[in-house]
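J.: Sequence:
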Amino acid sequence: MTSSQSSSPPLIDFQRLVVAVRRHRRLWVTFALLGLVVGGAVAVLLPAPPTAVTKVIVIHPDDSPTDSGTLMRTDVAVLETAKIASAALQKAHSTEATEDFLKDYAGLGLTNNVMQVTVTAKTKEDAVAKAKALADVFIDDHVKRNQAAATAQAKALTDQRTQAQQQLAQIDTQAATEADKGSRANAGTLEQLYTQRADLVSKIADLQNQAQEAGIGTPQVSAGTQIVDAPAIQKVSFLKTAATNGAIGFALGLALGLALAVVTALVRDRPVLRREVSEHLGASVIAQLPSKLRGPKRLWAKSKPVVERKRVAVTLVRAARGERGPLSLLELGAPGVAAGLAVDMAAELAEDGPVVVIDDLPGHDAKLLTAAGDVKVVEVGDPSIKRAVYRLGVGTVAPGTAWTDLGYLGTETVLVVRSGHANTLWLHTVARQLADCGIPILGVVLVDPDPKDQTDGTLWDGLHTALRGRASVVAAKQTERPDAGLGPVEPPRKFVEQEPERPIDWPVEHAGERTVESPVAKPVEAKRDHLDAPTRRLSPVPRKPEERAPEQRKSEPGDSEMPTKKFAPVQSGPES
Numbered sequence: 001m002t003s004s005q006s007s008s009p010p011l012i013d014f015q016r017l018v019v020a021v022r023r024h025r026r027l028w029v030t031f032a033l034l035g036l037v038v039g040g041a042v043a044v045l046l047p048a049p050p051t052a053v054t055k056v057i058v059i060h061p062d063d064s065p066t067d068s069g070t071l072m073r074t075d076v077a078v079l080e081t082a083k084i085a086s087a088a089l090q091k092a093h094s095t096e097a098t099e100d101f102l103k104d105y106a107g108l109g110l111t112n113n114v115m116q117v118t119v120t121a122k123t124k125e126d127a128v129a130k131a132k133a134l135a136d137v138f139i140d141d142h143v144k145r146n147q148a149a150a151t152a153q154a155k156a157l158t159d160q161r162t163q164a165q166q167q168l169a170q171i172d173t174q175a176a177t178e179a180d181k182g183s184r185a186n187a188g189t190l191e192q193l194y195t196q197r198a199d200l201v202s203k204i205a206d207l208q209n210q211a212q213e214a215g216i217g218t219p220q221v222s223a224g225t226q227i228v229d230a231p232a233i234q235k236v237s238f239l240k241t242a243a244t245n246g247a248i249g250f251a252l253g254l255a256l257g258l259a260l261a262v263v264t265a266l267v268r269d270r271p272v273l274r275r276e277v278s279e280h281l282g283a284s285v286i287a288q289l290p291s292k293l294r295g296p297k298r299l300w301a302k303s304k305p306v307v308e309r310k311r312v313a314v315t316l317v318r319a320a321r322g323e324r325g326p327l328s329l330l331e332l333g334a335p336g337v338a339a340g341l342a343v344d345m346a347a348e349l350a351e352d353g354p355v356v357v358i359d360d361l362p363g364h365d366a367k368l369l370t371a372a373g374d375v376k377v378v379e380v381g382d383p384s385i386k387r388a389v390y391r392l393g394v395g396t397v398a399p400g401t402a403w404t405d406l407g408y409l410g411t412e413t414v415l416v417v418r419s420g421h422a423n424t425l426w427l428h429t430v431a432r433q434l435a436d437c438g439i440p441i442l443g444v445v446l447v448d449p450d451p452k453d454q455t456d457g458t459l460w461d462g463l464h465t466a467l468r469g470r471a472s473v474v475a476a477k478q479t480e481r482p483d484a485g486l487g488p489v490e491p492p493r494k495f496v497e498q499e500p501e502r503p504i505d506w507p508v509e510h511a512g513e514r515t516v517e518s519p520v521a522k523p524v525e526a527k528r529d530h531l532d533a534p535t536r537r538l539s540p541v542p543r544k545p546e547e548r549a550p551e552q553r554k555s556e557p558g559d560s561e562m563p564t565k566k567f568a569p570v571q572s573g574p575e576s
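Going left to right, the sequence shown walks through residues 1 to 576 as the UniProt record's numbering numbers them.
There's no promise every hint is true.
[What the hints assert, rightly or not] List time: in silico DMTMM-like cross-link candidates among lysine to aspartate or glutamate, alpha-carbon distance up to 25 Å: (1) LYS376 - ASP405; (2) LYS132 - ASP100; (3) LYS132 - ASP172; (4) LYS235 - ASP136; (5) LYS235 - ASP104; (6) LYS376 - ASP359; (7) LYS310 - GLU348.
Since the hints were derived computationally from the structure, they do not count as laboratory data.
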């Protein structure tokens, strides 16, 4: 078991997520560009309505340098009330609803005493008139509110002065009564009354002064609060508006595209890394091929995918040569690449003799029709397949595949899989179906891999079926017999396990007058040609002599050369 299989997978594989988002870059780039175009189109098709802007200076009676803008925020809130809006509509002689007009204007505090009023309307004249009316109504309301506050304060001071004068009259009465007593008057009481009288006189004088000041009102407020900038139509730059709307649309489209790419990567569960593809298929990634070039790169790097494909074809042919059965290429999401790879492999094998390519791809890919020379492309069931010297099958393992027919394409296979094409469940289905059919997967050719994928796509526990485990054996056989190729195609044979050869001695045992030979096997350690390959050697099951042709019976070796054990006959006892 590999280390990746022994450890539990993470809840969210961020490496896979980043790779999936990068592979979907066309999706989110398309969304971003679409947002940019829509934003620019909105600026053209839906231009901004006429907007009038005016500035009003607002004087506050209790203003101070330490004010943090609270008074101005209060003025803005008052400006955006229904009372001000209704009064402005009446002054502008407009029949627009108050609720709609509240949505068409806004106030903004520029400083502690300067407020900007912005009004939008259907026409420029209407916008200017509404802005002027709104500013005038606000100024009148602001002055009236301050004047009302000053009047109320003056009235309150006057009431306090009247109450103090009444208290002073009572104290004067008490002091006069006490003074009429003559010698019987209490000096302490008189002194206390005179002190209270002096305080009340001073208080009444202060209230009188304050009432007079309050009665004057707030002339600085009424004189200072005014329109400093007359209402005017705000100039709108078309390019600036289009750029702003386009930037907003680009940002929104990019965010939406990235979100959709992330959700798609999490929901669809399509492996894109070499590590994931090898784990789910149970075979190592032995090569990888880029996809079709897009954009201007096709002009100067058009032959690069073809060169890479031919290099992979040479690698597969070199590793698969030997005395083995036919090989098949099964595609999953890359029929064109599989067809081109099959043609390149067949052209490489054609140097050793005629090659037959069995085309089982749906739709008959056009690349297989370009095969020429000693390469012949046929369909499944063609009679010429049985007479072929070398054959190479090309098929598919996409949904809807007839799994039982894959054995006619080859006894071993190489999968050509496009990265991110199939989900995890289907990769498991392919591996299970091929295992049930008895077709070992020699390796996986990954198409369109991520260029920044640095994961290892090798399964270290699959040496008995991997190409790398047989490369040294094939090289040794080719050294001994340089003319070795794929070998003649033989019909499928049944295989059984063959025990290692053991030398057999036949000692003689004397039992009465008969000589009995009993086999005694001496165990000898079996020699293995390749210590790394744990696969047992298989030999064909010999048929019975009566089922073979007479000329084959004559050429068979004698019984002494066969590894069949001999058994002694059963002896009869004395009573028989």
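J.: If a hint holds in the structure, say so; if it doesn't, say that too.
T.: Hint check results:
1. LYS376 - ASP405: 20 Å, holds
2. LYS132 - ASP100: Holds - the C-alpha atoms of ASP100 and LYS132 are around 18 Å apart, at most 25 Å.
3. LYS132 - ASP172: Given that 25 Å is the threshold and the Cα spacing comes to 60 Å, the pair is violated.
4. LYS235 - ASP136: Satisfied, since the Cα-Cα distance of roughly 23 Å is no more than 25 Å.
5. LYS235 - ASP104: Roughly 17 Å separates the two Cα atoms, so the pair holds.
6. LYS376 - ASP359: 10 Å, holds
7. LYS310 - GLU348: Holds. LYS310 to GLU348 sits at ~9 Å (cutoff 25 Å).
Checked against the numbered hints given earlier, the structure breaks only hint 3 and satisfies all the rest.
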